[in-house]
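Per the UniProt record's numbering, the sequence shown starts with residue 1, numbered consecutively.
Hints were generated in silico from the structure; no laboratory data involved. Warning: the hint list may mix true and false statements.
Said to hold, decoys possible - Quick list of in silico lysine to aspartate or glutamate cross-link-like pairs, EDC-like style, CA-CA up to 20 Å:
id, residue 1, residue 2
1, LYS116, ASP100
2, LYS183, GLU171
3, LYS202, GLU165
4, LYS254, ASP231
5, LYS95, ASP108
6, LYS209, GLU145
7, LYS27, GLU207
8, LYS209, ASP196
9, LYS59, ASP25
10, LYS209, GLU131
11, LYS57, GLU149
12, LYS209, ASP188
13, LYS116, GLU145
14, LYS237, GLU40
15, LYS239, ASP223
16, LYS211, GLU165
17, LYS209, ASP135
18, LYS27, ASP135
19, LYS211, GLU134
20, LYS183, GLU170
21, LYS57, GLU98
22, LYS57, GLU114
23, LYS243, GLU216
24, LYS254, GLU207
25, LYS57, ASP46
26, LYS202, ASP25
27, LYS144, GLU216
This structure is a prediction, so every number in the text was calculated from the model and none was measured.
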Amino acid sequence: MSEAIKPDTKNAKDETNTWYESWFDTKYYHILYKDRNYREAQVFMDNLTHYLNLPEKAKVLDLACGKGRHSIYLNQLGFDVIGADLSENSINEAKKNERDNLHFVVHDMRESYEEKFDAIFNLFTSFGYFENEEDNLQTLIAIKESLSEYGFAVIDFMNVYTVLENLIPEEIKTVDEIDFHIKRFVLDGFIIKQIDFEADGKSFHFEEKVKAFTLEDFQKMMDEAGIYLLDTFGDYKLKKFHKNTSERLIMIFK
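Please model the complete structure; the sequences and the hints are all you need to start from.
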């Protein structure tokens, strides 16, 4: 996997040392992934909002927003944006950028909002981190319940087929003089990335774990959640999805 995204999870504080809590709130996570192509992400959002033909000042929820970089850009495009994430550290950092029509909240993605949104974006593989299958279904239901009557939702997920085909079992990535030793493998239907490194005089071990959902898996969950899948795309330029070659699995639904 080329990315890791900060998920929400229900009652995370009651779980013991969950991997996403311990990893996504550290400064080392942001160091490892600091070279992400954010310009590509902005082009994606340009294309996506144009395709959806969102009304001026549409209400948009950026679900699992991290430190809010993409929420900020969506707001710059003229939308009324709420960025939501479990990570209190990330949300506290994001709040420094709050202004009219741009707000950030700590939120569990399995819980619906009272207010309704014209669009809900769940970007960059911020889905499939739950051990319990019901939690993934509940997330889809919460997204559906938080949409306005004419609203659209978008899940941008990895294309499992190409990820598995190109999985690099081991590598060392050096960033800011830290050598991140990375191992990747598949276990019990999850794609797992183990990250070991030494920094600040200490040794660290972290893990990322994402369910290897295919388009067929999503379709089954969406049927159960009462969601209508409108379209699928295979990259950030919104080209057609091909399971054997596409970089991404981008799903538009309502």
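Hint-by-hint comparison with the structure:
Proposed proximity of LYS116 and ASP100 is supported: the alpha carbons are some 18 Å apart, at most 20 Å. With a CA separation close to 7 Å, the supplied pair LYS183 and GLU171 stays within the 20 Å bound. With a C-alpha separation of about 34 Å, the suggested pair LYS202 and GLU165 falls outside the 20 Å cut-off, and the hint is violated. With a C-alpha separation of about 10 Å, the suggested pair LYS254 and ASP231 falls inside the 20 Å cut-off, and the hint holds.
As the CA atoms of LYS95 and ASP108 are separated by approximately 17 Å, the hinted pair is consistent with the 20 Å bound. This hinted pair does not check out: LYS209 and GLU145 have alpha carbons roughly 27 Å apart, beyond 20 Å. Between LYS27 and GLU207 the CA atoms are separated by roughly 15 Å; this keeps the pair inside 20 Å, and the hint holds. In summary, the hint linking LYS209 to ASP196 is supported, as the alpha carbons are separated by about 15 Å, within the 20 Å threshold.
Using a Cα cut-off of 20 Å, the hinted pair LYS59 and ASP25 is violated, with the two alpha carbons roughly 27 Å apart. A hinted pair counts as satisfied when its Cα atoms are at most 20 Å apart, and LYS209 with GLU131 qualifies at roughly 9 Å. Restraint check for LYS57 and GLU149: satisfied, since their Cα atoms lie roughly 17 Å apart, inside the 20 Å limit. Between the alpha carbons of LYS209 and ASP188 the distance comes to roughly 11 Å, so the proposed pair stays at or under 20 Å and holds.
Between LYS116 and GLU145 the alpha-carbon distance is near 8 Å, which keeps this suggested pair within the 20 Å criterion. The straight-line distance between the Cα atoms of LYS237 and GLU40 is roughly 9 Å, inside the 20 Å bound, and the hint therefore holds. Taking the CA atoms of LYS239 and ASP223, the gap is about 24 Å. The hint is violated against a cut of 20 Å. Our distance criterion of 20 Å between C-alpha atoms is met by LYS211 and GLU165, whose separation comes to about 16 Å.
At roughly 15 Å between alpha-carbon atoms, LYS209 and ASP135 fall within 20 Å of each other, so this suggested pair holds. Between LYS27 and ASP135 the alpha-carbon distance is near 28 Å, which puts this suggested pair outside the 20 Å criterion. About 13 Å separates the Cα atoms of LYS211 and GLU134, which keeps this hinted pair within 20 Å; it holds. For the given pair, LYS183 sits about 5 Å from GLU170 by alpha-carbon distance, which is consistent with the 20 Å threshold.
A hinted pair counts as satisfied when its Cα atoms are at most 20 Å apart, and LYS57 with GLU98 qualifies at roughly 16 Å. For the hint pairing LYS57 with GLU114, the CA-to-CA distance comes to about 19 Å; that is within 20 Å, so the pair holds. Between LYS243 and GLU216 the CA atoms are separated by roughly 11 Å; this keeps the pair inside 20 Å, and the hint holds. The straight-line distance between the Cα atoms of LYS254 and GLU207 is roughly 33 Å, outside the 20 Å bound, and the hint therefore fails.
At most 20 Å may separate the alpha-carbon atoms for a hinted pair to count; LYS57 and ASP46 meet this at roughly 15 Å. A C-alpha spacing of about 17 Å is found between LYS202 and ASP25, which places the hinted pair at or below 20 Å, so the restraint holds. Proposed proximity of LYS144 and GLU216 is supported: the alpha carbons are some 19 Å apart, at most 20 Å.
When the structure is compared with the earlier hints, violations turn up for hints 3, 6, 9, 15, 18, 24 and for no others.
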